[in-house]
Amino acid sequence: MTKLESAADLGKLRKQILSRIDPKKPCITICSGTGCQASGCEKISAAFQEELKNQKLSDKVDVRRTGCHGFCEKGPIVIIYPEEICYLQVKPEDASEVVSQTIKGGKIVDRLLYADAATGKRIAHESDIPFYKNQKRLILDNNRKIDPKSIDDYIALNGYSALAKTLSGLSPKQVLDEVKKANLRGRGGAGFPAGRKWETTRNAPGDVKYVIVNCDEGDPGAYMDRSLMEGNPHLVIEGLIIGAYAIGSHEGFIYVRQEYPLAVENTELAIKKAEEYGLLGKNILGSGFDFKITIHRGAGAFVSGESSALMCAIEGKVGEPRPKYVHSSVKGVWDRPSNLNNVETWATVPFIINNGADWFNGIGTKGSKGTKIFSLVGKVNNTGLVEVPMGMALRDIIEKIGGGIPNGKKFKAVQTGGPSGGCIPEKFLDLPVDFDELAQAGSMMGSGGMIIMDEDTCMVDTAKYFANFLADESCGKCVPCREGLKQICKILDKISTGKGKEDDIKDLEDLAEVLRDASLCSLGQTAANPVLSTLRYFRGEYEAHIRGECPAKVCKALITYYIDPEKCRACGLCLKNCPVGAVSGKKGAVHIIDQGKCIKCGACFDVCPEKFDAVARISGRPVPKAVPPGTEIKKRG
Amino acid sequence: MEKSKSKFVGVRITDEQASILSRLQKDSKLSKTEILLKGLSVLDEFYALGLDHKPLSDELSALEKEAFHYATELRRVRKREEAISEMVQELHEIDKIVDKYHCEKSALIQILLEIQANTHWLPKHALMWVSERLDVPMSQIRQITTFYKAFHLKPRGEHLVRVCLGTACHVRGGPRILEYTERALGIKAGETTENMKFTLESVNCLGCCALGPVIVVDNDYHGRLSTSQIEKILSSYT
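Sequence lines, in order, name chains E and W. Note that my numbering gives residue 132 to position 132 of the first sequence, counting from 1, and the numbers run on in steps of one. Note that my numbering gives residue 120 to position 120 of the second sequence, counting from 1, and the numbers run on in steps of one.
I should point out that these hints are in silico values taken from the structure, not numbers from a laboratory.
Pairs of lysine-lysine, DSBU-like flavour, derived with a Cα cap of 30 Å: (1) E:Lys149 / W:Lys100; (2) E:Lys272 / E:Lys165; (3) W:Lys149 / E:Lys494; (4) W:Lys96 / E:Lys272; (5) E:Lys597 / W:Lys188; (6) E:Lys282 / E:Lys3; (7) W:Lys232 / E:Lys611; (8) W:Lys188 / E:Lys553; (9) E:Lys556 / W:Lys188; (10) W:Lys188 / E:Lys486; (11) W:Lys100 / E:Lys317; (12) E:Lys576 / E:Lys625; (13) E:Lys324 / W:Lys105.
Beta-carbon label-pair distances, calculated as ranges: (14) E:Gly476 / W:Thr119: 24 to 30 Å; (15) E:Pro622 / W:Ile233: 34 to 40 Å; (16) W:Thr119 / E:Lys486: 30 to 36 Å; (17) E:Asp594 / W:Asn195: 31 to 37 Å; (18) E:Phe612 / W:Thr238: 30 to 36 Å; (19) E:Lys490 / W:His92: 47 to 53 Å.
Cβ coordinates follow ideal geometry from the N, Cα and C atoms, glycine included.
With the hints as extra help, turn the sequences into a complete structure.
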């Protein structure tokens with residue numbers, strides 16, 4: 001590959017690539033995001049290759065492995081081009097039918113199509129499926145079209161055109177002004193205006209400046225950065241180069257968690273390819289601008305996602321935050337001005353450059369522009385990645401896109417913003433999702449995790465989960481965070497085991513205040529949010545726990561398993577599955593749980609057939625006395 | 001008693017024995033080990049001959065005992081030699097990694113990650129070697145290897161079982177899955193079974209929330225789990 005020496009060269013290359021592509025040639029694309037890999041896309045890909053070989057079609061049909069499509073619930077996803085027929089939950093065994101029916105015969109395999117939950121109607125195209133129909137896919141869109149390992153795929157779809165436009169016609173100041181005008185706010189959590197951050201670094205004294213991509217996505221239940229970095233690394237790289245040009249930086253870092261091996265692999269390859277093409281390195285596209293990127297793998301510490309901690313980690317030190325009397329945009333990596341943005345923020349930049357700030361301002365709400373990717377997970381029918389314009393109502397996201405709550409359960413809360421965010425109850429479901437509205441409701445946008453909880457989720461348990469997570473991840477450098485979280489965990493533990501007192505709630509609130517005001521970094525400052533927001537909206541649940549009842553029947557210490565003698569059919573399943581031998585009974589006799597032996601693992605509850613429904617979880621009221629051993633089961637009828 | 005100076009396979013021998021040994025080595029061009037093995041097989045033949053002859057048989061069996069003792073010593077030494085050569089081999093590998101990063105101190109975390117990718121854990125000699133090569137104090141390396149979750153300072157089991165406790169898996173029953181797995185393996189999260197078969201870990205999100213609750217054994221994902229499936233899954237790895 002000869003290096004591209006001008007923007008015109010890139011245009012020529014794009015034409016060349018496009019001329020090689022026959023739009024009518026069938027192509028089987030297989031989603032190879034992490035979710036689909038976990039459900040076996042590797043085998044499916046092999047099965048298709050094998051099948052094409054068997055049916056002598058190998059050179060007439062392309063097979064492409066793409067990034068994450070987002071509809072992880074129904075993975076692995078296979079799309080047949082040019083008709084764009086979308087098959088869901090495909091298995092290796094389906095390959096032969098798809099090839100002979102769809103590729104050869106032009107017929108659709110009905111059973112692999114999406115079935116509408118309400119009407120049962122089959123839907124053939126991705127864009128008609130409600131999950132996709134109600135989204136606005138901007139940044140994620142190309143994920144399903146390109147092979148992340150191929151730079152040509154990216155270039156064919158107008159990739160690096162924003163970079164060419166920037167380097168051939170815009171001054172750094174113009175780029176900066178455009179991003180400022182677009183009101184792009186950082187997608188990593190706090191929503192700080194990216195343009196202003198860039199400007200600070202640009203104006204900071206010093207010749208050497210750094211730009212950094214933060215892909216240390218540590219929020220449990222959030223994986224949008226991962227999907228972008230894995231599925232479309234060139235988009236992030238392009239945004240980073242444009243930003244570096246605006247800021248006047250010649251060296252960049254991409255900080256990726258080592259837990260994301262595929263993201264590391266694809267990004268490494270993307271950088272190598274971009275260097276070969278002359279899109280990275282010296283004199284990019286003949287503009288005289290030099291830029292290089294190094295990958296830094298994070299070694300697994302949640303707090304390292306904090307900007308100053310991340311910069312310490314890049315220096316090869318322990319990733320602990322430092323006080324920010326001087327912002328890292330002025331003194332960051334090796335005390336040099338360093339601009340850090342989230343993956344999604346960088347990925348938005350090429351769109352702003354190509355389409356203009358006015359176009360970008362046309363999407364979203366007054367204070368939050370553009371689209372945002374959320375990972376919609378938990379107790380929701382359609383788990384997956386969702387990209388919507390800012391300002392969409394929570395209810396629309398959960399019901400129209402997410403398809404509501406499974407098994408007819410009742411919605412309880414949605415948790416946004418990861419461990420620093422909060423839980424939002426049903427009464428706020430019509431809230432438009434943007435940075436400011438979520439903050440007002442006591443939560444935050446965070447990086448975009450959206451965890452849906454139903455009536456079976458205990459809010460005290462949820463608060464305890466986050467408090468434990470943060471206590472575990474706290475670096476321990478400052479006292480409020482280290483000791484405060486420990487005490488919060490202790491109190492929550494007391495409450496969830498039925499040993500709580502009325503005063504405990506007050507203590508929690510006091511501790512939360514200290515954490516917010518006195519912690520060194522935002523991990524500690526926001527650590528109490530999950531506790532505060534659950535206290536704000538679900539205080540009743542805390543009080544119930546103190547009285548000895550867990551309304552959601554989750555907290556082990558407050559529940560008892562009991563076999564209803566009226567309902568028991570003596571099938572023996574609970575007896576067989578009890579790991580500690582606490583269940584006794586024999587054929588025809590009511591089974592009994594020995595409460596002294598029971599470890600409350602819930603195995604009996606799980607295995608008791610739904611039609612009997614004999615095992616009950618009891619909380620907050622006395623457990624009925626067990627029937628004498630050998631009591632006969634009730635005759636049916 | 002004659003003072004012995006030389007050693008043969010880790011055992012002290014007299015000067016006379018040493019000179020016989022070196023002569024034998026010179027004449028036969030065999031290694032010490034081979035001589036010992038030859039000697040043992042000759043002994044074996046003699047032993048067969050002398051079975052009917054009491055004094056000879058006694059003599060031979062005494063000799064055999066001695067030879068057996070040497071052989072055990074030899075094995076012990078061999079083992080130590082092997083361990084040392086393995087260690088040296090590992091240090092060579094580490095050298096390659098350190099050189100790849102041009103001995104840069106700032107690459108410490110990257111270097112440790114890469115070493116661990118090969119060995120699955122970080123033995124002490126590896127850390128000491130890195131400290132030596134990068135000129136970074138051992139205390140700093142200890143700080144880093146204990147701060148970041150990715151580093152392991154103890155050997156790990158043959159199979160790694162990871163139970164996801166991300167928020168999505170948590171609300172879908174992840175903690176109970178972990179409890180079951182702990183009970184099935186007889187260890188707590190973060191521990192390794194005594195037979196070094198399994199290491200159990202809990203993780204904060206694997207990014208495949210649609211499959212929750214999920215456990216990953218080595219690289220096989222087992223999603224949408226119910227507690228009753230766990231034992232079957234684990235037993236397929238033994």
